[in-house]
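Engineer: Read top to bottom, the protein sequences are chains A and B. First residue of the first sequence: 1, per my numbering; consecutive thereafter. First residue of the second sequence: 1, per my numbering; consecutive thereafter.
The hints are simulated quantities; they were obtained by calculation from the structure and are not laboratory data. Treat the hints loosely; a few may be bogus.
[Claimed, not checked] A partial selection of chain B residues facing chain A, derived with a Cβ cut-off under 7 angstroms: (1) S23; (2) Y237; (3) N249; (4) V363; (5) S376; (6) Y385; (7) H399; (8) V415; (9) V416; (10) V417.
[Said to hold, decoys possible] With a straight-line Cα cutoff of 16 angstroms, these simulated EDC-like cross-link-like pairs (lysine to aspartate or glutamate) come out: (11) K100(A) to E407(B); (12) K6(A) to E185(A); (13) K112(A) to D381(B); (14) K364(A) to E334(A).
All residues carry an ideal CB built from backbone N, CA and C; glycine is no exception.
Protein chains: 2
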Amino acid sequence: MDLTKKMTKLAHDAHEASFSMASLAGGKKTKILKGMAKALLKNKSSILKANDKDIKNGRSKGLSSALLDRLALNDKRIELMGSSIIDVAKLKDPVGVVLKHWRRPNGLKIAKVSVPLGVILVIYEARPNVTAECVSLSIKSGNSIILKGGSEAYNSNRAIVSVFKDVLRKMKIPQAAVSFVTSTERKSVDELLVLNQYINVVIPRGGEGLIRKIVEKSKIPVIKHYKGICHVYVDEYADEAVAERIVVNAKLQRPGVCNACETLLVHEKIARSFLASCLKSLQDKGCEIRGCDKTRAIVDSCWNLRPIHKATEQDFATEYLDAILSVRIVRSLEEAVAHIKKYGSAHTDAIVTKKKKKADMFVKYVDSSSVMVNASTRFSDGNQYGLGAEIGISTDKLHARGPMGLEGLTSYKYVVVGNGQIRV
Amino acid sequence: MDLTKKMTKLAHDAHEASFSMASLAGGKKTKILKGMAKALLKNKSSILKANDKDIKNGRSKGLSSALLDRLALNDKRIELMGSSIIDVAKLKDPVGVVLKHWRRPNGLKIAKVSVPLGVILVIYEARPNVTAECVSLSIKSGNSIILKGGSEAYNSNRAIVSVFKDVLRKMKIPQAAVSFVTSTERKSVDELLVLNQYINVVIPRGGEGLIRKIVEKSKIPVIKHYKGICHVYVDEYADEAVAERIVVNAKLQRPGVCNACETLLVHEKIARSFLASCLKSLQDKGCEIRGCDKTRAIVDSCWNLRPIHKATEQDFATEYLDAILSVRIVRSLEEAVAHIKKYGSAHTDAIVTKKKKKADMFVKYVDSSSVMVNASTRFSDGNQYGLGAEIGISTDKLHARGPMGLEGLTSYKYVVVGNGQIRV
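Bound-form chain A, shown alone (with noise of 0.2 angstroms):
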C-alpha cells in the first residue's frame, strides 16, 4: 500500500473509532486508564528494552545528552508515566456535560451538551512520556487519536502503543481509536494533514520550526503556540523580595521551557535598589543578564555585579529558553504593557505589585492567554492549573486558550426538546 492511501487508511479508520469512542461510559474510560497503568508496569521489561534501542541509536546519531535524557526510560518513569494515568482516569468526564440549559417561551428545553472532539493528531518529539499522557487524556475525553512521536524516540513510542491496544482489544475496544504513524517518513505527516474529512484538530509539541511548518501544510485547524517571551514586571509597588524570588524562579527553575522567563521589566522608581539585589541573585546562579541602557547604568555602578551586554530589539524578541535575562526598565505601567504587546507571544506574563488597582490594570490590556499577579509565570501549565493533565498550551483565541486539558478536548451540541413546536 502507497503512504497515501495507508495514512488516509488510518484516518478513516480512527474516524469510524471515534464514533464508539464518543459514546462510551465514563466508568468504562476510567476501567480502560487503569488497564492501561497497570499494563504499563506489567510490560516494563519490553518497554525498557525498546527505549535502549533507542538510546543506542540516538547515541550513534549523536544526540545531546540533554536530549538523551528526555529521551531515557527508567523503572521510576514508567512508574510515573502509570501514576499520570491514573491521575487522568481520576478526573471527571469531561462528556455529556451540560453546560448550559434554558426554557424558550415557547415551550422547547435547549441545552448545549459537551462532546468529544473526533480524532486528534498529535505531532511530537522526543519524550516518550507524552505518549502516554496524549492517549490518557484522549481516551478520557472520548476522542480517538493519532500519534506521530519524533524518529529518536520511535521504539519506545511503538513499545507504549503496543501494550495500550492490547488493553484496547482485551476491553473490545476499536484498536483504531489509538494509532501510532509507524512510518518514520516526514512525508506521512504531510499526508495526514490535509485529511479533514477525518481529523478534527492537529496539536503540535516542539519547536517553533516544525509548528509553523504544520500550519503552512495543515488544512486541519491546529491548536498551538509557536513560543513562550514570558514577562515579569516588576511594578514600583512592588514588595521587592517578593519580586525577586518570583523573577529568580521564573527564569531558572527551569529556563528551557516556554513558560520561563525571558524578559524582566522594572519600573523605573524602584529599579535601582531592586536590581541591584535581584541581577546579584541572578549572576550568581549563572544567569546572563542583558539590559537596557539604563539598567547597564545600573549595574555599572554597583560594584558586586558583573558587566553586561547592551540588550538589543532582537534580545527582547527572542525565547531564549536558556539562562539568559533581557532587562528593560520603563517609566510606567503602560510602558510595560506596550513594551508587552510588541514582544509578547500571548503565552503567560506577570506583574508583581502589592496595588489592586495595578494589577488589574495589568491583567486587563495585557492580552495573554495567561496572566498572573504576584506569582510566577512557571506555573503556566495544566497541572498546576488543575487541568489534571496538559495536551498542549494555545496562545491563539479560537477554541482552547492557554493550558489545555480535556475541556479543550470537547465540543458541544445543542439538544433542543420540545413538544411538537414548529415555527410560525
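Since chain A is already given, all that's left is putting chain B on it; use the hints.
Structural biologist: The following block gives chain B in isolation, referenced to the frame of chain A:
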C-alpha cells in the same frame, strides 16, 4: 496606495482599535448601540436613497426578483434593523465574565475570564440587514469588525456603515472598530485572508461555493457551515399528527434556508399510514417528493397521491433549498442514524418519537451541531435559541458550534492571582 497596502492598513487599524474595544465598559457599548439604532432611523432617507441605487443596478444586471427582494430596504425594514440592534444592546455584556474560578492547594487563585476575539472579518452576500446585525454583535462582544458585503448591496452597506461610523466618531471610539471594504474587487478579500497577524476569525455567510473558496485561501481560522442537509426521522413510536406538522414545517415554512429539512426518514412500521397522510399534505402545498423504492410503492398504492420520482444517491446528498423532499423508509433508528452519518452535514437533525429511550439514543448517536426532539429543524437559529442574534452557524467542532451569537465571539484568558508563589 495599492490594494495590498490598503487592505493591510485596514486590518492593522482594526487590530489597533480592537484593544480599545476590548476594554470598553458594558454601559458604553450599550450606549453606542442605542446611538446606532437611533442614527439609522434618523438617516433613513439617505440609506433608502443608496438602496435605490443598488436596486436599479441590480435590475439592470438582471438580478432575480427573489434577490432583489432580499436586497430591498424600506421604512419597515430599517426600523426592524434598529430594533434588532436594540435587542443586542440589551443582552448581557459577554466580556469580563468569570467563566470558572478555583483555588489551588498552594493558594493560587485561578480564573477563566472571557475576552473578545479581536478582529472579525465577515464576508456576506446581498442582504444589507446583515451589516447591522454583525456590527451590533461585534461591538457588544468588544471586537473590531471588517465587513465585506456583496457588490449588489454596495451602496446600501456603505450608507449604513457611514451612519455607524458617525456614531463612533461622536462617542470618541476609534472608527477602525467598524471597517468597510470599499473596494468591490474580489481580490481585496484574498488580501485580507492572509493577514492572520491582524484578523482573528473569518465568518463567511453565503453559498457553499463562496465558503469553499474562502476556506481554500484563508490563513485565518474560518467558522462556517458548508450546507444544511437536515433530516427529520419519524420513529415507529411517533405521534403521527405531530410528526406531520413538524415535517411540513421543517420542509416548507422557508425552503430556501439552511435549517430547512431536505430528507425525511421514516420507520417502516409507521411508514404506510404516516406517508399516506404526510405526503398528501406536502404535495397539496406544492412540494415535490422523491422517494426510495418502498416509498414509491406506498405512493403508487395511494389513489390520492401523485406519482413520484426515485430518490437517487445524489438526492440524499443534495441541499435542495427548494420545495423538494427526498424520503427514505428505514428499518430501525440505527439505520436512520447511519443514513444521517453518511449523507448529513452535521447541521441540524430531528427525531419525532414518544419514547424517551429512542430520543436519547438519537441525541447520543447523531453527531450534529443541533439535535432536535419533537421539534422542527427550523428552530436551529440564534434568535430562536434565545442567543439574541446570530452571526453565523457553525458545523465545525472547534470553537463555536451550532448557532453562534455573542459567546462565540469571545475567547478567554486565565488570570492567576498569588501572593508570591514560586514553583518548586
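Engineer: Each hint needs a verdict: does it hold in this structure or not?
Structural biologist: Hints, verified against the model:
With a least beta-carbon distance of about 6 angstroms to chain A, the hint placing S23(B) at the interface is held under the 7 angstroms criterion. Annotation: interface hint on Y237(B) violated; nearest CB of chain A at approximately 14 angstroms, more than 7 angstroms. With a least beta-carbon distance of about 4 angstroms to chain A, the hint placing N249(B) at the interface is held under the 7 angstroms criterion. The beta carbon of V363(B) comes within 5 angstroms of a beta carbon in chain A, closer than 7 angstroms, and the hint placing it at the interface holds.
Against a cut-off of 7 angstroms between C-beta atoms, the interface hint on S376(B) holds, since the closest Cβ of chain A lies about 5 angstroms away. Given the 7 angstroms rule on beta carbons, the hint for Y385(B) holds: about 6 angstroms separates it from the nearest Cβ of chain A. The criterion of a C-beta within 7 angstroms of any C-beta in chain A is met by H399(B), whose closest approach is roughly 4 angstroms, and the hint holds. Below 7 angstroms, beta-carbon pairs count as interface contacts, and V415(B) has one with chain A at about 5 angstroms; its hint therefore holds.
Annotation: V416(B) was flagged as interfacial toward chain A, and the flag holds, the nearest CB pair being 5 angstroms apart, inside 7 angstroms. Look at V417(B): its Cβ gets to within about 4 angstroms of chain A, closer than 7 angstroms, so that hint holds up. A threshold of 16 angstroms between alpha carbons decides the hint, and for K100(A) with E407(B) the separation of about 12 angstroms falls inside it, so the pair holds. Proposed proximity of K6(A) and E185(A) is supported: the alpha carbons are some 12 angstroms apart, at most 16 angstroms.
The straight-line distance between the Cα atoms of K112(A) and D381(B) is roughly 14 angstroms, inside the 16 angstroms bound, and the hint therefore holds. Annotation: proposed proximity of K364(A) to E334(A) holds, straight-line Cα distance about 12 angstroms (limit 16 angstroms).
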